[in-house]
Amino acid sequence: MICTALVFIMHLGFSLLEIGLTRAKNTINILFKNVMILIIGILTYTFVGFSLMYPGADFAGGLFGFANFGLLLPVDGLSPAYADGHYTYYTDFLFQAMFAATAATIVSGAVAERIKLSTFLIFSTIYVGIIYPIAGMWKWGGGFLDELGFYDFAGSTLVHSVGGWAAVISVALLGPRIGKFKDGKISVIQGHSIPLSTVGAFLLWFGWFGFNGGSVLSADPGVTSLVLVTTCISAAAGGLGAFLVSYLRYRDNDLSMILNGVLGGLVGITAGADLMGITDAFLIGLIAGAIIVFSVGALDRMKLDDPVGAISVHLSCGIWGTLAVGIFGSMAGWSQILNQLIGIGAIGLFCVTSSFIILFTLRKTIGLRVTEREEIEGLDTHEHGTTAYTALSVEEG
Amino acid sequence: MICTALVFIMHLGFSLLEIGLTRAKNTINILFKNVMILIIGILTYTFVGFSLMYPGADFAGGLFGFANFGLLLPVDGLSPAYADGHYTYYTDFLFQAMFAATAATIVSGAVAERIKLSTFLIFSTIYVGIIYPIAGMWKWGGGFLDELGFYDFAGSTLVHSVGGWAAVISVALLGPRIGKFKDGKISVIQGHSIPLSTVGAFLLWFGWFGFNGGSVLSADPGVTSLVLVTTCISAAAGGLGAFLVSYLRYRDNDLSMILNGVLGGLVGITAGADLMGITDAFLIGLIAGAIIVFSVGALDRMKLDDPVGAISVHLSCGIWGTLAVGIFGSMAGWSQILNQLIGIGAIGLFCVTSSFIILFTLRKTIGLRVTEREEIEGLDTHEHGTTAYTALSVEEG
Amino acid sequence: MICTALVFIMHLGFSLLEIGLTRAKNTINILFKNVMILIIGILTYTFVGFSLMYPGADFAGGLFGFANFGLLLPVDGLSPAYADGHYTYYTDFLFQAMFAATAATIVSGAVAERIKLSTFLIFSTIYVGIIYPIAGMWKWGGGFLDELGFYDFAGSTLVHSVGGWAAVISVALLGPRIGKFKDGKISVIQGHSIPLSTVGAFLLWFGWFGFNGGSVLSADPGVTSLVLVTTCISAAAGGLGAFLVSYLRYRDNDLSMILNGVLGGLVGITAGADLMGITDAFLIGLIAGAIIVFSVGALDRMKLDDPVGAISVHLSCGIWGTLAVGIFGSMAGWSQILNQLIGIGAIGLFCVTSSFIILFTLRKTIGLRVTEREEIEGLDTHEHGTTAYTALSVEEG
Amino acid sequence: MKKIEAIIRKSKFDDVKDALQEINVNFFSYWDVTGVGNEKHGHVYRGVAYSTSEIQRRMLSIVVSDNFLEKTIKVLLETAYTGTVGDGKIFVSTIDEAYRIRTKETGTTSLS
Amino acid sequence: MKKIEAIIRKSKFDDVKDALQEINVNFFSYWDVTGVGNEKHGHVYRGVAYSTSEIQRRMLSIVVSDNFLEKTIKVLLETAYTGTVGDGKIFVSTIDEAYRIRTKETGTTSLS
Amino acid sequence: MKKIEAIIRKSKFDDVKDALQEINVNFFSYWDVTGVGNEKHGHVYRGVAYSTSEIQRRMLSIVVSDNFLEKTIKVLLETAYTGTVGDGKIFVSTIDEAYRIRTKETGTTSLS
Ligand SMILES: Nc1ncnc2c1ncn2[C@@H]1O[C@H](COP(=O)(O)OP(=O)(O)O)[C@@H](O)[C@H]1O
Ligand SMILES: Nc1ncnc2c1ncn2[C@@H]1O[C@H](COP(=O)(O)OP(=O)(O)O)[C@@H](O)[C@H]1O
Ligand SMILES: Nc1ncnc2c1ncn2[C@@H]1O[C@H](COP(=O)(O)OP(=O)(O)O)[C@@H](O)[C@H]1O
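Protein chains in written order, with our numbering: chain V, 1 to 397; chain E, 1 to 397; chain C, 1 to 397; chain U, 1 to 112; chain H, 1 to 112; chain X, 1 to 112.
A hint or two may mislead.
Unchecked claim - Straight-line alpha carbon distances no greater than 25 Å define the calculated DSS-like cross-link-like pairs of lysine-lysine that follow:
id, chain 1, residue 1, chain 2, residue 2
1, X, K2, U, K3
2, E, K182, H, K40
3, X, K104, X, K40
4, U, K2, H, K71
5, E, K303, E, K185
Said to hold, decoys possible - Covered by chain X, per the in silico footprint, the following chain H stretches (three or more residues, Cβ under 8 Å):
id, segment
6, 22 to 30
7, 90 to 97
What the hints assert, rightly or not - To give a feel for the contact side, a few chain E residues facing chain H, derived at Cβ under 10 Å:
id, residue
8, G184
9, K185
10, I186
11, L244
12, S246
13, L248
14, D254
15, S256
16, G309
17, K364
Calculated directly from the structure, the hints in this document are not laboratory data. Keep in mind that this is a model prediction, so the values were computed, not measured. Even for Gly, the Cβ is constructed at its ideal location relative to N, Cα and C.
Same shape as in the complex, but just chain V (with noise of 0.2 Å):
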């Protein structure tokens, strides 16, 4: 239940790191976006989601089941035999409802400062109440992939490129910013406050600690203490990673990218966090901070201009951490590494493709984009009428 309240506060933690990398201009938009993406989130996943994502063996098939609208409290659902005395239905299904509004909250980081408001709510709509449990069925809902032998535990296949993939299409869409690609040449557009985007990652971090510790479900001290180990180690070697490699490719000590890296860290133990040793998490977690930085790059030099670091985050270290299943840790095998690469696959065309078709339906009809005028004076006056700040200078004399 606690561990609820941790993922519940890890979307402060994403909020905040975006307005932190974004624009003042935009700031209230951003905040009104993830907000909403919250309260839509929890209750769609209320009424339609969770009977999606776990049909219960009465009405599931491989690839899709749905139990019916609403929740429905089974028999001994009020008392923790729900779960062999480890957590009751309700407990079950908070902790899963703040998990599905992640994947949209992935998807506001990259498409930020440009996206129509209202378009961005009907996609996250869609895509959480009917995307993300279908694609979560298929492992965590007893599927195809679970019986197939893939291994995901907490979500970086199945929450973070889930979110990612739907990111990476976005911007494909959308395109850049205005001023982001200038004839030819990458500008920088800089985040209004690097406090703020500190905040969100350690909120991030403390958040996972619920997210990591509270996928054990079963409250077992033993893996539940391995866990948040391996998510802590991997985090601080993500941040380690993403400093050395940033520090030597550029001479410089940037913060954000060391955020980005403890959050890659973060991404990418989560496949394994309880089939990792110390040393194992260490380097997974070393690897993705360096993926981190790699990613960053590519993405600019593609023209995919992603504001947060968004799709570096979730879908390059997501795959990185599902991968890292095969390679490190007690399941570690040939075997295991194709049937990861399956489950990725399979989620990556799923997303890909049905992130397409909503895109592509919404851009046209009611379109993508602000107008050019509204994105260039900013967001906030134009859909909220206010601005983020006012008078920051302080009345004396």
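Since the structure of chain V is already known, use the hints to place chains E, C, U, H and X with the ligands on it.
Leaving out everything else, chains E, C, U, H and X with the ligands in the frame of chain V:
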């Protein structure tokens, strides 16, 4: 015990929400108030309040009882046997102490930017030390409302309305901030940082997991998980309600309204969080969100200047939530509605009268309001001799 | 396990407190330092520190012992049987690892705005990886101070003073910031954001629930709840003490002093949180709060420039708290006072000597301080090539 | 045309603005400056008492036609006044030419 | 030498800067001001609709030699233009002397 | 009366202020501006190296009587100097009239 920490962090949430929605020139003053309230709240509750609120069988009357000064460890207080194996005396005390300061914090928001610091601190001490525990004792301490059958799970009335009533009275006695109602027209005095407010609202939601979750007191996983689910759904629905109503009414995507809506949903569910089903919680929240929007507008028209919306959130939704116990969920019924109304009325009458007496006395003696000059130039310079932000611009070259 | 997360969030608290009390031009530098400390702290503690601190029966001498590099899972490490059913090896480790980084973070605050990044990182690595665990082992690892009867519940001396002593030495070797002592007069260099500092202090208080609560280690509800109550009361009393003294002495409602007072109260109670009654805790906190105010003044007069008050909070109150174990509570008595003094002295001597040696060596080799130009123009521009805030003003029209 | 630069107390800004409005001077630009002058403020920060002459002020830049000059100055002198040290200054200088970007008008008609 | 003070829309700043660069006016100082003028913005805040004429603008201060004046003005008038109310103003005044601190040069050679 | 507008490095501000104090010029207003000029700064942000000529500066506006002009300029030229590109500029222009709001004084006596 964790819940205590979560409720603790709500005080940070309140502080940030409040400074975000007020002007930079009064920021330190508001933080100072909130920090001092917390300190005073904990200490007075230790020495007086807890004994007033839970006098125990030996000392209690139906209306008023008092055990002793300070804390007196009962025989089996250090072992969970204190409460049938659920929690210890100290856990109980600390959790309650965190609640107590909340009542004053609510008032703090409503009177921000113009009340005298010393006056406010005296008022808080009395209110938290004496009024709040007496009101609380009527129900939670086994007083007459409890015997009557009035139900208030975690304090829609006992905590939130108690604060809300005092807020109304003090706003009425204080008058609006200079410039709020110019020539009969309602002016806008914008808060200085929406991001801070958003962080505040998130932390409050986060803390509410502890507020309601902890109020189960027994740590029974079944009920606790249900409570968390209803709490969360109502919060989300509150945000949705406020969004829909404010969008339809004003064609405006107002983030601060949604944040208030979320809080309204939280306050609304607080009275009956353990009695409601999913749909009940959804409806309670949705209506609470709508109430917020109308209430904010109505207060403005009544020339009650509440900079942060404290009255709308805590009083309007507190009343609504208490009533909702009679309308939705497992206790619904006309007789319960009546009981709830009696409870609301009794507590309201008591709080209004007592806070009027205290504040009126203070007005006649040391005065309620800062001077006009202090108000215009900012409380920070005058009462604290410094300002919250210095030289935000960053040095270079 | 939750406590680990709470202690983790203290690092965010430290960071925010620190940036709030320093100038905007050095913000990234400070955040960078704190993030790297955390990363380095966790990793060195994993590979070296834990084994140094808890060598176990086989390897330990009274003064120094070392088990092995890395973590070595004991036979029953994954089951709670590791510690008589209370916690697992990994839980134990992670909790301790979070503590370790704290010592360096304390130093970070005192040397802010002028120390060289690389020098600081090297110093931290050595201090956290070697000095802190050795000192810790003397008591918690079963070393000679433990045998003597020295008592330090959660680290007033072992964590806070260890950091505090290093802070004194580094401040003395570094010298004050340019402009702090102009022509023999004490100047004021204001911090750039009181709100951030307040958030930091709240998070520290929040985290301390975990710091002290978790140090019970056994999760015995009786003791834990007592510890939380004493912790909380002492914090509140610390704030009150600082408020009263600073108001009486300077006629000033200084929020930053109250925040320091709260932290002082927390540090003060840390050594004996499980031994004190309510009134003891109140007095310890109150005195700690008073000590803060005097200590801040005294350091200024001694021309030791400690921008965030780290020495006053962690060293002065750390010593006071350790002594208080001999004065108040269930262990009070002259012989205990003597034991406490020996402990304080031994640790103090060790830390002062070792940090002097390390820092002096660093000064002779790579240098301690940034250049004058870098200091004046801000570390952010020079060491990180960017600034913390860009374009805070919001675009419109 | 003349440019009036007025450095006033921030707390007087609302009054000044309303008064300017009344004489139809509802076009100007302002920003916040730090002023060094005769006024001193005493503060205490973390136990150190100090006094500073750097005080936040608001700078108003108003370009007016010559025949508006006098009454604008008069309004400013009246409404920004408190009588205590630190009320601020008004400086007048000459503007050679003015353009309204929207219409490309020049001269006094471009001012309003 | 002339001082050009241009008060423009913030959203036009990038265009203006690039255009100035092209005519080799790549030396100026700017800061943000609040402008009061004909343009009004309507907002809703917590349910209260209001309209304000206080709008964020950017002030550019460019000191140029007399023979650069005309083309600088021309560029400003063209690139800061949108045609809707609130495009801003340009004011020109005379500078008596200019110094470059680094070289202690004076006069027009000190400008660039 | 003359208005001196000096655009200097922020890191030199404290020195300049102290030096002005010594020649009794302890009345002026300042604010922060962004300067575009010859100096360039190279930065790296998230792996992209870039160089910008937009650098934070401090603008000082000092109105002095004619006989203070020379020595004020001298002090500014000396104390704001580092010798590297980007030390800044000083511009002098004429002020027609000055008022002290508190006393309604005009002319040079109103300046100090
Ligand atoms: N000569 C000057 N040049 C520029 N600004 C000035 C000058 N003299 C005063 N000021 C501005 O006017 C403000 C008020 O002046 P001050 O000397 O404090 O009070 P008073 O005008 O009442 O004597 C100062 O803070 C400063 O901003
Ligand atoms: N006389 C003036 N003095 C100083 N600034 C002015 C003056 N007139 C206009 N401005 C500035 O120019 C901006 C645009 O002017 P406005 O009247 O809104 O539009 P337009 O120039 O299209 O009529 C204003 O916001 C203000 O900052
Ligand atoms: N003609 C000008 N008009 C206004 N400001 C200028 C002008 N020329 C230079 N500046 C200001 O002076 C600063 C320093 O000038 P710069 O050309 O970088 O160095 P230097 O003066 O050493 O050649 C610039 O950043 C800008 O703010």
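Status of the hints after comparison with the structure:
no., hint, result
1, X:K2 with U:K3, "holds, 14 Å"
2, E:K182 with H:K40, "holds, 19 Å"
3, X:K104 with X:K40, "violated, 45 Å"
4, U:K2 with H:K71, "holds, 24 Å"
5, E:K303 with E:K185, "holds, 10 Å"
6, 22 to 30, "holds (count 5)"
7, 90 to 97, "holds (count 5)"
8, G184, "violated, 14 Å"
9, K185, "holds, 9 Å"
10, I186, "holds, 5 Å"
11, L244, "violated, 14 Å"
12, S246, "holds, 7 Å"
13, L248, "violated, 12 Å"
14, D254, "holds, 7 Å"
15, S256, "holds, 6 Å"
16, G309, "holds, 7 Å"
17, K364, "violated, 33 Å"
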